[in-house]
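Enquirer: All chains should be built: construct the whole structure from the sequences, respecting the hints.
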Amino acid sequence: MNQFLSQHGNEILEATLEHVWLVGATMLLAVVIGVPLGMVVARKPWLSKPILGSANIAETIPSLALLGFLLPIPWLGDRADRLTITALTLYALLPIIRNTAAGIGGVDPAVREAARGMGLTTRQILFQVELPLSVSTILAGVRVATVLTIGIATIAAAVGAGGLGEFIFRGLAMVNNRLILAGAIPAALLALGADFLLGLMEHLLRPVR
Amino acid sequence: MSEPSAALSGQEAVIEFRNAGYRLPDGPRLLNNVSFTVSRGETLVLLGRSGAGKTTALRLINRLADPSDGEVLVEGRRTLDWDPIRLRRHIGYVIQETGLFPHYTVERNVALLPRLERWPELQIRARVTALLSLVGLDPGIFLKRYPHELSGGQRQRVGLARALASDPPILLMDEPFGALDPLTRSDIRVEFQALQRRLGKAIVLVTHDTGDALLLGGRVALMEAGELKGLYSPQEFLRSSEPVAAAYLGQLRALEPFGKGEQR
Numbered sequence: 002m003n004q005f006l007s008q009h010g011n012e013i014l015e016a017t018l019e020h021v022w023l024v025g026a027t028m029l030l031a032v033v034i035g036v037p038l039g040m041v042v043a044r045k046p047w048l049s050k051p052i053l054g055s056a057n058i059a060e061t062i063p064s065l066a067l068l069g070f071l072l073p074i075p076w077l078g079d080r081a082d083r084l085t086i087t088a089l090t091l092y093a094l095l096p097i098i099r100n101t102a103a104g105i106g107g108v109d110p111a112v113r114e115a116a117r118g119m120g121l122t123t124r125q126i127l128f129q130v131e132l133p134l135s136v137s138t139i140l141a142g143v144r145v146a147t148v149l150t151i152g153i154a155t156i157a158a159a160v161g162a163g164g165l166g167e168f169i170f171r172g173l174a175m176v177n178n179r180l181i182l183a184g185a186i187p188a189a190l191l192a193l194g195a196d197f198l199l200g201l202m203e204h205l206l207r208p209v210r
Numbered sequence: 627m628s629e630p631s632a633a634l635s636g637q638e639a640v641i642e643f644r645n646a647g648y649r650l651p652d653g654p655r656l657l658n659n660v661s662f663t664v665s666r667g668e669t670l671v672l673l674g675r676s677g678a679g680k681t682t683a684l685r686l687i688n689r690l691a692d693p694s695d696g697e698v699l700v701e702g703r704r705t706l707d708w709d710p711i712r713l714r715r716h717i718g719y720v721i722q723e724t725g726l727f728p729h730y731t732v733e734r735n736v737a738l739l740p741r742l743e744r745w746p747e748l749q750i751r752a753r754v755t756a757l758l759s760l761v762g763l764d765p766g767i768f769l770k771r772y773p774h775e776l777s778g779g780q781r782q783r784v785g786l787a788r789a790l791a792s793d794p795p796i797l798l799m800d801e802p803f804g805a806l807d808p809l810t811r812s813d814i815r816v817e818f819q820a821l822q823r824r825l826g827k828a829i830v831l832v833t834h835d836t837g838d839a840l841l842l843g844g845r846v847a848l849m850e851a852g853e854l855k856g857l858y859s860p861q862e863f864l865r866s867s868e869p870v871a872a873a874y875l876g877q878l879r880a881l882e883p884f885g886k887g888e889q890r
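Listed in order, the protein sequences are those of chains A and B. Here the first sequence stands for residues 2 to 210, numbered as in the numbering used here. Here the second sequence stands for residues 627 to 890, numbered as in the numbering used here.
Because the hints were derived from the structure by calculation, they are not lab data. Be aware that one or more of the hints could be misleading.
FRET-style restraints, in silico, Cβ to Cβ [as the list claims (entries may be wrong)]:
1) H774(B) <-> K45(A): 38 to 44 Å
2) Q819(B) <-> P37(A): 45 to 51 Å
3) R124(A) <-> D652(B): 37 to 43 Å
If the Cβ cut is set under 8 Å, some of the chain B residues that face chain A in the computed set are [said to hold, decoys possible]:
4) N688
5) L690
6) I711
7) R714
8) R715
9) Y719
10) E723
11) G725
12) F727
13) H729
14) L760
15) G762
16) L806
17) L809
Small disclaimer: the values here were computed from a predicted structure and weren't measured. Glycine residues also receive a C-beta, built at the ideal position from the N, C-alpha and C atoms.
Expert: And the structure:
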């Protein structure tokens, strides 16, 4: 065991960092795209079906197949991490969109009406009232999406984007359980850590404690 | 924009409804041919049952809705000619469930509009403290509290303080005392009567409670099914033989056998 660690320790660390980068970039992108889409879903009911529908469909495509579909697309297919982050983002979107919409939709109508009646602009209502009141719901969505992404990101190794999946694929090929675990355990720990940290943030940012 | 304020001459109407009506896009008529005026320093009470169009009438004043016929004038200018944001900041608005922002402290709730209007911070602080005292809340105790830490009556007072924050000449109140227990309600009414005199604002207050109407209204506008059934002074209302008015008075008279009418 010790021997295994001293032999592969650096490699594991490097793969973990790669994993964190893939997941981090994905989540950043997913939040930047997903939160505004969630706001659109909450505001414009006629757009909610197409948006949620598309996100749902993306969610149902098997991850390997999705990478395969994206591969021939010119700019995307050029680099493995680009490709992976795009695919992962498509998976991460649904929980974020859904929770953002639920959070904003859940704001007490009396509060919104009062804000409007007081002369707040639509923008001010969004930033001063709706978003702050939905922050913890949105974060709950980000949390689910992050944990999901950490798991799916192991697939990235299949297209050569690195990450902890490297060990898993190698272990599978060589029928070496230790190698599989060298990928799986850090991934699980990452997921648990992210879950804990985001849960903490969710709690701290809850608007009314 | 044709003839803006030929206003401010004598007993000028601050709010004026001219045959105003409102219908929802898909048909139902909520308000029909309503005309009345409210002057500075006057309180008009819109009295009626749920669905009578009271709240709709109120929403026409601060452009939460636009009249589908007729017109509503605020300070001599059609609401449609007002920029909605400017108009609303010119009008204090108090609603039943208060609509206080649950994630803001009392201080931030009351200071909201002054902050948006970029008052100097010192002035805001003074204003908030003064307003809380005005509505009978000790600033030392309540500034840092959140709405969920307040009783219904206290929330209602904060709602009023918030509506008064930028000293608007007009105040709209939608069932402001509706959610209060009867004792708190009569306390708050008495205090509000005193406030009315000090504030000198044009106030439109919506209620379904005859007691509210008679105690707080300089005039009572009786509404039924989207129509204005009559405008009365409280004395006229008490003497009125109109069936609808009589029905509302029945609400009070029913108590008389017990030797204590609700007023006074």
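Enquirer: Just to be careful: measuring from the Cβ of G762(B) to every Cβ in chain A, is the smallest value less than 8 Å?
Expert: violated, 21 Å
Enquirer: Verify the interface restraint on R715(B): the C-beta must sit less than 8 Å from at least one C-beta of chain A.
Expert: holds, 4 Å
Enquirer: Does E723(B) pass the interface check with chain A, least Cβ-Cβ distance below 8 Å?
Expert: holds, 4 Å
Enquirer: Given a hinted range of 38 to 44 Å, is it respected by the beta-carbon distance of H774(B) and K45(A)?
Expert: Violated, since H774(B) and K45(A) (Cβ atoms, about 31 Å apart) do not stay within the stated range.
Enquirer: Report holds or violated for the interface hint on L760(B), using the least CB-CB distance to chain A and a cut-off of 8 Å.
Expert: violated, 18 Å
Enquirer: Is the interface hint for F727(B) satisfied, with its Cβ closer than 8 Å to some Cβ of chain A?
Expert: At about 6 Å, which falls below the 8 Å cut-off, the nearest Cβ of chain A leaves the hint on F727(B) intact, so it holds.
Enquirer: Is the interface hint for R714(B) satisfied, with its Cβ closer than 8 Å to some Cβ of chain A?
Expert: Interface hint status for R714(B): holds (3 Å vs cutoff 8 Å).
Enquirer: Restraint: L809(B) near chain A, CB-CB cut 8 Å. Satisfied or not?
Expert: violated, 24 Å
Enquirer: Taking 37 to 43 Å as the stated bounds, is the beta-carbon spacing between R124(A) and D652(B) within them?
Expert: Between R124(A) and D652(B), where Cβ atoms are some 29 Å apart, the hint is violated.
Enquirer: Given Y719(B) was flagged as interface, is its beta-carbon under 8 Å from a beta-carbon of chain A?
Expert: holds, 4 Å
Enquirer: Hold the hint about N688(B) up to the distance rule: shortest CB distance to chain A must be less than 8 Å.
Expert: holds, 6 Å
Enquirer: Using the C-beta atoms of Q819(B) and P37(A), is the stated range 45 to 51 Å upheld?
Expert: holds, 49 Å
Violated hints for the displayed structure, listed by number in ascending order: 1, 3, 14, 15, 16 and 17.
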